[in-house]
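Next come the chains, spelled out residue by residue.
Protein chains: 2
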Amino acid sequence: MKFGGTSVADIDCIRNVAAHIKREWDAGKEIAVVVSAMAGETNRLVALTAENVVRPDPAEYDAVVAAGEQVSMGLLAMALQALGVPARSWAGWQLPIRTSPDHAKARITDVDTAGIEDGWASRQVAVIPGFQGLGPDGRLTTLGRGGSDTSAVGIAAALDAQCDIYTDVDGVYTTDPRMVPGARKLERIAYEEMLELASQGTKVLQTRSVELAMVHGVPLRVVLSFADPARPEPGTLVCSEDEIVEKQVVTGIAYSRDEAKITLLGVADEPGVASRIFGALADANINVDMIVQNISEDGQVTDLTFTVGKADLESAVEALEKGKNSVKCRKLLSETGVAKVSVIGIGMRSHAGVARTMFEALGKAGINIQVISTSEIKVSVLIDSKETERAVRALHDAYGLETA
Amino acid sequence: MKFGGTSVADIDCIRNVAAHIKREWDAGKEIAVVVSAMAGETNRLVALTAENVVRPDPAEYDAVVAAGEQVSMGLLAMALQALGVPARSWAGWQLPIRTSPDHAKARITDVDTAGIEDGWASRQVAVIPGFQGLGPDGRLTTLGRGGSDTSAVGIAAALDAQCDIYTDVDGVYTTDPRMVPGARKLERIAYEEMLELASQGTKVLQTRSVELAMVHGVPLRVVLSFADPARPEPGTLVCSEDEIVEKQVVTGIAYSRDEAKITLLGVADEPGVASRIFGALADANINVDMIVQNISEDGQVTDLTFTVGKADLESAVEALEKGKNSVKCRKLLSETGVAKVSVIGIGMRSHAGVARTMFEALGKAGINIQVISTSEIKVSVLIDSKETERAVRALHDAYGLETA
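Those protein sequence lines, which keep their order, are chains V and S.
Here the numbering used here is used: the first residue of the first sequence is 1, the next is one more, and so on.
Here the numbering used here is used: the first residue of the second sequence is 1, the next is one more, and so on.
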């Protein structure tokens with residue numbers, strides 16, 4: 001079980017979490033709990049380091065920001081004990097949860113579960129801080145923001161257990177329910193679909209945690225933290241494709257407004273030009289998402305359009321202008337008022353016509369498509385960001401997701 | 001070097017501390033720094049545990065409250081690096097600083113200094129969180145409130161180094177300078193004197209840290225944290241008697257208003273009665289300070305007066321009433337409006353007349369003495385707490401401490 005920052009935001013929340021764990025424990029389950037820092041605490045610690053120095057030493061940064069989880073782990077363990085549930089905390093360095101040496105973005109390499117399993121022998125609940133581990137040099141590491149989901153999946157994989165992620169939503173929906181009131185909660189979703197949904201802007205689970213769950217086949221359940229104990233909700237199970245009997249052609253609609261579009265007009269249509277352009281961006285550590293290159297009419301020059309994260313736009317333009325000599329083009333256009341809307345579903349693999357339905361629905365709604373990109377289980381379009389909500393609604397309708 | 005919570009209260013303070021360490025480092029010194037949690041942080045964490053459960057598990061309590069020092073250690077290490085001083089943090093479990101298993105009041109049993117000394121070989125400054133250590137079972141322990149001074153002395157002892165305690169006062173004074181403007185800063189003071197001053201209510205150093213320094217012969221310097229770098233102040237050196245050439249008969253005047261007086265009238269004057277009375281108090285975990293038993297006039301009954309901490313008065317009375325059958329007395333009187341004033345000096349051992357000067361000075365000031373108690377290097381009297389300030393001033397004058 002993993003509880004995020006809002007689930008342990010204050011002592012009352014921590015007591016609620018403890019009461020919920022007790023119910024599961026009373027049912028005879030063997031439990032390891034991964035807990036985030038209290039809501040706002042990691043931000044407070046990050047702000048302290050930022051106020052302190054411009055480029056903090058990553059190892060010291062990790063020592064500072066890992067402190068938040070140490071506090072919540074102790075508080076939850078004592079709250080469990082107060083309810084008569086035997087519990088003890090295991091810091092990342094105590095189990096240990098071994099990681100790569102990459103501070104602030106470490107990857108779990110190995111989880112020693114002996115402590116947890118010894119505790120289980122006497123019905124003890126293990127409380128483990130998320131987000132942190134022990135580097136090969138014996139120093140604290142952290143897994144990057146949202147790393148607690150990854151901790152939970154890593155520990156579940158090592159224990160060969162199911163991983164329940166308790167969060168402030170009651171499951172994964174066909175699309176953002178705040179945008180489309182008729183959005184439907186999914187009972188099951190495949191890892192691949194969840195990955196597309198997560199990276200396409202549905203912020204329920206951290207992408208890395210879904211990847212890790214997929215690799216290790218860990219069943220991942222998204223559950224509401226503060227559900228009515230009298231009416232427990234099953235949430236959504238993220239699992240392998242084989243465990244989904246009725247495969248939907250389209251499972252969900254994702255959107256992201258954090259996009260920016262760059263167009264290079266009059267790029268020389270010759271070998272190596274793309275690698276020079278995207279090499280310059282990669283060197284500047286900028287992730288490029290959708291890429292469209294138009295057919296060259298005259299065989300001399302072509303136009304190239306791609307998207308980057310909105311926050312990266314400035315440095316992307318800078319990197320391209322700095323590389324002007326190698327990245328020759330007539331004109332560089334950039335624009336931020338764009339959004340990406342994606343239609344996702346594993347059933348697409350065996351069903352034609354998904355893209356056509358999408359384009360028809362958007363056309364009928366009078367929404368202009370700027371860029372199209374597709375993968376095996378996804379079709380994405382770039383549109384004017386002002387049209388996001390209308391587009392998502394139109395697509396949700398077009399695929400009949402409300403009643404599917 | 002040890003810096004307390006007010007010295008690292010915010011990022012500006014931490015930068016000041018780093019700048020000071022850099023000056024010492026520039027002078028070629030090998031440095032280990034012990035740092036407390038940022039001011040208020042430990043109280044915040046203790047309050048969280050108190051809000052959470054009534055009797056927190058001591059091991060979980062330690063995990064929670066040790067987090068504050070982990071934050072300040074990382075922040076100080078990165079602030080040093082930003083000034084070009086190589087530095088790294090060593091958590092209590094990393095060095096490790098081994099302690100007894102007594103959570104929340106552990107004692108240091110062993111400090112492994114290999115990490116610190118390896119760092120020194122490349123001029124690295126070690127930054128170590130105070131207050132925390134590693135218990136024999138591999139769990140975090142803490143040393144109790146004010147434990148950071150003890151950490152610093154323990155580490156200095158293991159390194160055979162001097163220990164500079166940076167604090168918000170610029171040294172140890174003949175008495176409280178807020179009470180007596182003419183109080184004089186002492187250049188040196190013997191461990192024994194400092195112990196008496198500390199436990200008599202002069203809250204500059206934690207008593208346990210002075211004891212530890214005395215046992216290991218660690219020279220302990222009390223220095224002002226935020227002194228003008230252009231005019232460094234030597235502070236006060238706490239050292240062994242042999243290093244003090246000019247031994248003062250009286251070194252300082254201490255006072256404490258946290259006292260309460262209990263008098264048992266008509267106690268049976270027979271063997272074993274004192275042990276029953278003070279045994280009952282010890283069982284209730286109450287420290288008794290001054291004890292005076294009057295001579296029995298008739299050989300039948302006597303009166304017994306003693307003092308306890310003001311906070312303990314209620315439970316002391318309770319413990320005595322509960323033990324009424326074994327602690328027989330005619331009447332029990334208790335009173336809180338009392339203060340203890342003490343005259344301290346190692347020179348007393350070889351000088352008569354110290355007590356007489358004290359009684360004369362108080363008599364001249366018209367201050368009534370309720371109880372007297374003496375040790376080898378101290379004379380204490382209990383007086384009406386309203387007279388504290390007048391008494392301290394009269395004694396400071398009487399022993400000529402201002403100009404000594």
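Derived from the structure by calculation, the hints contain no laboratory data.
Check each hint, because a few of them may be wrong.
[Claimed, not checked] So the derived label-pair ranges between C-beta atoms look like this:
#, chain 1, residue 1, chain 2, residue 2, range
1, V, Lys203, S, Thr6, 39 to 47 Å
2, S, Ala121, V, Gly84, 32 to 40 Å
3, V, Gly309, S, Lys185, 55 to 63 Å
4, V, Glu117, S, Lys185, 38 to 46 Å
[Claimed, not checked] In the DMTMM-like style, the derived pairs of lysine to aspartate or glutamate whose C-alpha atoms are separated by at most 25 Å in a straight line are:
#, chain 1, residue 1, chain 2, residue 2
5, V, Lys22, S, Glu51
6, V, Lys29, S, Asp57
7, S, Lys29, V, Glu51
8, S, Lys22, V, Asp384
9, S, Lys22, V, Asp57
Built from N, CA and C at the ideal position, the CB exists for glycine as well.
Each hint, compared with the structure:
1. Between Lys203 of chain V and Thr6 of chain S the CB atoms are about 41 Å apart, so this pair conforms to the stated range of 39 to 47 Å.
2. The hint said 32 to 40 Å for the Cβ distance between Ala121 of chain S and Gly84 of chain V, and at roughly 52 Å that hint is violated.
3. Taking 55 to 63 Å as the suggested C-beta distance range, the pair Gly309 of chain V and Lys185 of chain S conforms, at roughly 60 Å.
4. Taken as a hint, the range 38 to 46 Å is violated for the pair Glu117 of chain V and Lys185 of chain S, whose Cβ atoms sit roughly 60 Å apart.
5. At most 25 Å may separate the alpha-carbon atoms for a hinted pair to count; Lys22 of chain V and Glu51 of chain S meet this at roughly 20 Å.
6. Distance restraint check for Lys29 of chain V and Asp57 of chain S: the Cα-Cα separation of roughly 23 Å lies within the 25 Å cut-off, and the hinted pair is therefore satisfied.
7. Proposed proximity of Lys29 of chain S and Glu51 of chain V is contradicted: the alpha carbons are some 28 Å apart, above 25 Å.
8. For the proposed pair Lys22 of chain S and Asp384 of chain V, the alpha carbon gap of about 55 Å is over 25 Å, so the pair is violated.
9. For the suggested pair Lys22 of chain S and Asp57 of chain V, the alpha carbons sit about 17 Å apart, so the restraint of at most 25 Å is met.
The structure shown violates the earlier hints numbered 2, 4, 7 and 8.
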